[in-house]
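**Q** Sequence:
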Amino acid sequence: METARKITVEVPPELLKKAQHANGSGITETVRSGLQLVAASPAYARLRQLRGKVRFARTLAELNADR
Numbered sequence: 001m002e003t004a005r006k007i008t009v010e011v012p013p014e015l016l017k018k019a020q021h022a023n024g025s026g027i028t029e030t031v032r033s034g035l036q037l038v039a040a041s042p043a044y045a046r047l048r049q050l051r052g053k054v055r056f057a058r059t060l061a062e063l064n065a066d067r
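Counting along the sequence shown from 1, when you hit position 13 you're at 13 in our numbering, and nothing is skipped either side.
Everything labelled a hint here was simulated from the structure, so no lab data went into it. By construction, the Cβ of each residue, glycine as well, lies at the ideal position given by its N, Cα and C atoms. One should not assume that every hint holds.
[Claimed, not checked] DEER-style ranges, computed between Cβ atoms:
#, residue 1, residue 2, range
1, G34, E2, 17 to 25 Å
2, P12, T59, 42 to 50 Å
3, S41, V9, 15 to 23 Å
4, R48, G24, 22 to 30 Å
Required output: the full structure, derived from the provided sequences and hints.
**A** See the structure below:
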């Protein structure tokens, strides 16, 4: 397992406060969550490019009935 890397980051206090409030976690977990979102953003961009181009074999009603 890869060890964590300790870093020093300077952020505006208000931005950190808003991010922590939105995340509901402490500083470390908030920064980790933010980094995970940044790392995943290329995948989200690829998914947005597929919008309206994927056909599903089942209807929404069938999917809801399958719950």
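**Q** Each hint: holds or not?
**A** Hints versus structure:
1. Between G34 and E2, the C-beta spacing of about 19 Å keeps the proposed range 17 to 25 Å intact.
2. Against the hinted window of 42 to 50 Å, the Cβ-Cβ separation of P12 and T59 comes to about 48 Å, which satisfies the hint.
3. Between S41 and V9 the CB atoms are about 19 Å apart, so this pair conforms to the stated range of 15 to 23 Å.
4. Between R48 and G24 the beta carbon distance is about 27 Å. The supplied range of 22 to 30 Å therefore holds.
Violated hints: none; the structure is consistent with every hint.
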